[in-house]
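Peer 1: Let the sequences and hints guide you as you build the complete structure.
Now for the letters of each chain:
There are 4 protein chains.
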Amino acid sequence: MKTIRVGIIGAGRIGKIHADNLLRLPHVQVVEVSDLFAGPELEVWAAERGIKQITTDSNGIMENPDIDAVFICSSTDTHVPLIIQAAAAGKHIFCEKPISMNITQTQKALQAVEAAGVKLQIGFNRRFDHNFKRVYEIVQNGTIGDPHLIKITSRDPNPPHEDYIKVSGGIFKDMMIHDFDMARFVSGSEIEEVYAHGSVLIDPVFTTHGDLDTAIATLRFKNGAIGVIDNSRQSVYGYDQRVEVFGLKGSVGITNDHPNTAEISTVDGIMRDKPLNFFLERYNEAYIEETKLFIECILNDQHVPVDGNDGFQAELTALAAGLSVKLNRPVKLAEALELSIQQSMKA
Amino acid sequence: MKTIRVGIIGAGRIGKIHADNLLRLPHVQVVEVSDLFAGPELEVWAAERGIKQITTDSNGIMENPDIDAVFICSSTDTHVPLIIQAAAAGKHIFCEKPISMNITQTQKALQAVEAAGVKLQIGFNRRFDHNFKRVYEIVQNGTIGDPHLIKITSRDPNPPHEDYIKVSGGIFKDMMIHDFDMARFVSGSEIEEVYAHGSVLIDPVFTTHGDLDTAIATLRFKNGAIGVIDNSRQSVYGYDQRVEVFGLKGSVGITNDHPNTAEISTVDGIMRDKPLNFFLERYNEAYIEETKLFIECILNDQHVPVDGNDGFQAELTALAAGLSVKLNRPVKLAEALELSIQQSMKA
Amino acid sequence: MKTIRVGIIGAGRIGKIHADNLLRLPHVQVVEVSDLFAGPELEVWAAERGIKQITTDSNGIMENPDIDAVFICSSTDTHVPLIIQAAAAGKHIFCEKPISMNITQTQKALQAVEAAGVKLQIGFNRRFDHNFKRVYEIVQNGTIGDPHLIKITSRDPNPPHEDYIKVSGGIFKDMMIHDFDMARFVSGSEIEEVYAHGSVLIDPVFTTHGDLDTAIATLRFKNGAIGVIDNSRQSVYGYDQRVEVFGLKGSVGITNDHPNTAEISTVDGIMRDKPLNFFLERYNEAYIEETKLFIECILNDQHVPVDGNDGFQAELTALAAGLSVKLNRPVKLAEALELSIQQSMKA
Amino acid sequence: MKTIRVGIIGAGRIGKIHADNLLRLPHVQVVEVSDLFAGPELEVWAAERGIKQITTDSNGIMENPDIDAVFICSSTDTHVPLIIQAAAAGKHIFCEKPISMNITQTQKALQAVEAAGVKLQIGFNRRFDHNFKRVYEIVQNGTIGDPHLIKITSRDPNPPHEDYIKVSGGIFKDMMIHDFDMARFVSGSEIEEVYAHGSVLIDPVFTTHGDLDTAIATLRFKNGAIGVIDNSRQSVYGYDQRVEVFGLKGSVGITNDHPNTAEISTVDGIMRDKPLNFFLERYNEAYIEETKLFIECILNDQHVPVDGNDGFQAELTALAAGLSVKLNRPVKLAEALELSIQQSMKA
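Protein chains in written order, with the UniProt record's numbering: chain H, 1 to 347; chain F, 1 to 347; chain U, 1 to 347; chain S, 1 to 347.
FYI, nobody ran anything at the bench for these hints, they're computed from the structure. Misleading hints may appear alongside valid ones.
Heads up, the list lumps identical chains together, so a pair's fine if it works in one copy or across two of them.
Unchecked claim - Listed next, the in silico DSSO-like pairs over lysine-lysine satisfying Cα-Cα at most 27 Å (straight line):
1. K249 / K166
2. K97 / K16
3. K222 / K108
4. K16 / K292
5. K332 / K108
6. K292 / K133
7. K52 / K16
8. K249 / K2
9. K108 / K346
10. K97 / K222
11. K346 / K292
12. K133 / K97
13. K249 / K222
14. K2 / K52
15. K222 / K326
16. K2 / K133
17. K292 / K97
18. K97 / K332
These numbers were taken from a predicted model, which means no experiment stands behind them.
Peer 2: See the structure below:
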């Protein structure tokens, strides 16, 4: 079996995690890492892992004929040009979510991928989590019948820094996008229409940047099911990640993962420790799994588990949700797309 | 301490339950029961309980000067005239929900009650349930801080009979009305706007009668909080009644009541028995409690725990929810009321 | 259907509970209540319930030909003579546990009952609790296969008063006796041998009276299964009542009943309210059920659900457990009985 | 910081796990692996990991001056001579449990370790598990006050093969030894006396080899606390590993780890997946942790978290438990030791 040689573009937190997970896999070689801010610290990090090439310029990776696949972990605004460049160079692509902040740009990237015939996997890591995966399986095997109601709760332990809020694209494109993907994943159906609304209840900084910190979106799916997602930027008791699918023959729901199962009983009540607090801790195994499957799909020439269309659909839903808040009415995904195409043609 | 003499109008399932609960209370005498269909069966029922007067005509109760309070448990279309009549007769009133199907009629009934200075309690029994009450207490004592998100799940074990669907007023006025009241109760805030949508996924009979069997409503509260309610007419695993309030300092949620705590572990998995299946079983204690508090409020001349305005607000929210489905957009409660007043003036 | 006329002997806490539960049943009349300390307070209590005869002398009940059944709720030392007297008078008997502190005396009482052909039910109320009953059913229906291990936890919220400790008969006869009965009930097998040991860890007053406040007993059952019971006189988090049966094909376990299902999540952790704290609150339904079944067994001439032998076996196990502590070795029930018979013959 | 060079003796399942865990640690080099049955398969395994030296003779490791520490993962009968040899060679030692089947032999090994001044850690991996560790912390920080009752459940998913039963040393030395160590760990006290009994209820093969498949041991601790352990060789619902410590101020208990948190509700009941089934899966993190801490203790010259005396005490308790079954009475650990010393002097 051949070895897949990987280049990683962007060595921030998530790029480093993918690197470490790739290094544990057989049949994988991490050939080169590029990062705009590569310096002595990154050199040390690479040396400890036996990664030889560290650059500040991703063109080296793109032009290296020995590299089979690239991991795009750089800032969102670089994704589309990098995908187009990588596709043109015939390299398979793993790209972090979202593909872009502009749905017509995302379409362009996907066209380039299709034209080149390379694989593109999007980093919706939660699909690979043991809990969410089990919900998917139970829905798929028919245990609960046709889904009628999909409910998703997703609350971050702490709000992001203002610097991040500024460029995040807002709660729907940055945070709820994961939940839009999850809604499609567990329901087995496309989203048709979304109504979203929200508030700023945690920190006025969100108002400053035209964003929300608390939001609800309700969904209509093509198969008639209906759904709801709630997001909060600050859950003081830890990372809250739950989903429930209710159907004709029953229901399946998941609760959070905790650091232990200990239950402490005292005169004050019955207590247990808070859920896992940090997404890297919570989704550690899921990150390993998504990387592993991407490599296996290349090795066995199979379709990736989360493809470009999955990225596109989640982005389109986020776009429609933002529009819904603006117009204070439900918005069809088709309408949001049409509008974006018109705007892009005007520009 | 004086004895409260009660007349019960309507001796269906719920009227009989109130009668039995009243009979267990000290300081209460059930003097008379009227029911349009009173016959030998009801005579036997009354005799077993030592209730002496059984009639088919509620006027006897209204005109009996010995009766201090009436329980209106007859069909919804009779509520408004009976409330007006009872108020005029100076009797305190316990009335089942909803007060009426017509918000301006409800207003008239409330004006009559206010003019007469009698007490009126509405039968939102869930407020007295041990689980919901605990959520209320925890929100009120500030443990979870200002509420940001209110989530309510309410799913019936079985759809009602077609005869009932015809006259029920639809899912919002018949079923979700309880949840609208619960949303106000646990959030401690008024509802300002509602967006609702739904599907017919269980039985086409709902379509026949212009009704839905599966619905979601999202709410905006005056204090900025946002909420969501989901309803289904058929939960095969039993009566599903949950609520969660998430706030600045934490969250409180309740799960269902089960007939026992047994957990069975076999080669097939870990199993427990389904939740309590029937609302009378589930809310048995709550029915007792609401009756007890109504009587105590009369004895001590205190304000009732669920008053006419509580009935009015829940009905108005249900009205707005129905309108929202029709218009496919969020509807403000003020707008729904204005529209109803206009229609009533035209008529 | 005839009416069962009942006399109650001993109107302490438990006698009053049985009275109230009997008064709610159809086909039952509480004719007379006797209590050594009957006074004005008891007169008021009786008047409120329409009970006409209150005496300080139980002979009235015994000699009253209109009385069909007696509830013996007086102090333990009076049980045997009262059972013998009631049996001789042809009255059915409900007797609180234990029958006596002396196993040969208990045997005499049971012989009198058998000779008279009356019914005798012992007050092992826990058998009628929804949780324990479910464990029994699951074992009986074969879901978990032959039982291998039986584990019972029974911890009181507060130690009894010293006055009670003095006359209680010690932790095995007073407290663990319930668990010995439960072990027989859920295992479906007789206990053959017991090894018990314990400590005084809560309050030295137990040492003063030759008692223990913390104890463990391990059991060998006739069918080969083994078991263990742990008792504590003080569980600060409330009444702790659990059982687990593990078998060839699985396991069934019950946890405690809580006043509500609310789960509160804050920065400090996940909290829920303590279990129900008081045995009357916890076993409220079970007390109602045991009374109801006793009356039904009389009405339908059926065998009672907890008979004299059940009382005898639990007492004998308690006796053997006490002996085991004394001898610091396992003791067979047969050995303990033999020894008692010898001692009684000497005396 | 220096690098610790390790030799591994015995490359069965557990030896390989330690090797893999060591290979992930910084400051560690796996220099050599010896196994009596080393062959081409082990060569491949070693090559994939960059381990260069593979031998069938452990003397190479013992005589290699570059090796700082040895992991003894060979069969139990080889532990004592290997410990003595390694100690004499000045190497730190990690040894799997039990040290030996003979308590006086174990003493000899510990004397050699002490004389040489090397470190010896015993492989009681469960102490490093997130659940058990949390129980320990809660007891240590005083949350539940002085421990009164310690309860441990430990049930294997499947009985071992007959070949293993023959040489296992029996349920107490092979299986319950982990629980004896856990009892000391969580109680913070030494065990003084043990009473054990058991049955063969799963497979008569255990009788053939003088062993039990189901057993209970009750314990007396030096601090007055009492405890109980139950073991079964076959839990059809998966690996069952729980502990509960009850004290003056409360209680702490752990339940099992599950592969996910999904709860499935259907008309048949509420279901969740069985606990993790296999000890390597369940204790995966604990194995990593124990290895990491052993290395850190060498690097920082600290006392190991599980030392030779911990191994000795658990073995002595297992010895006393076996004796208790034989004598059908409680046995003091001091008595069991005395007896063994006498027997060893006779021999």
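Peer 1: Hints broken by the structure, by number, lowest first?
Peer 2: Violated: hints 8, 11 and 16.
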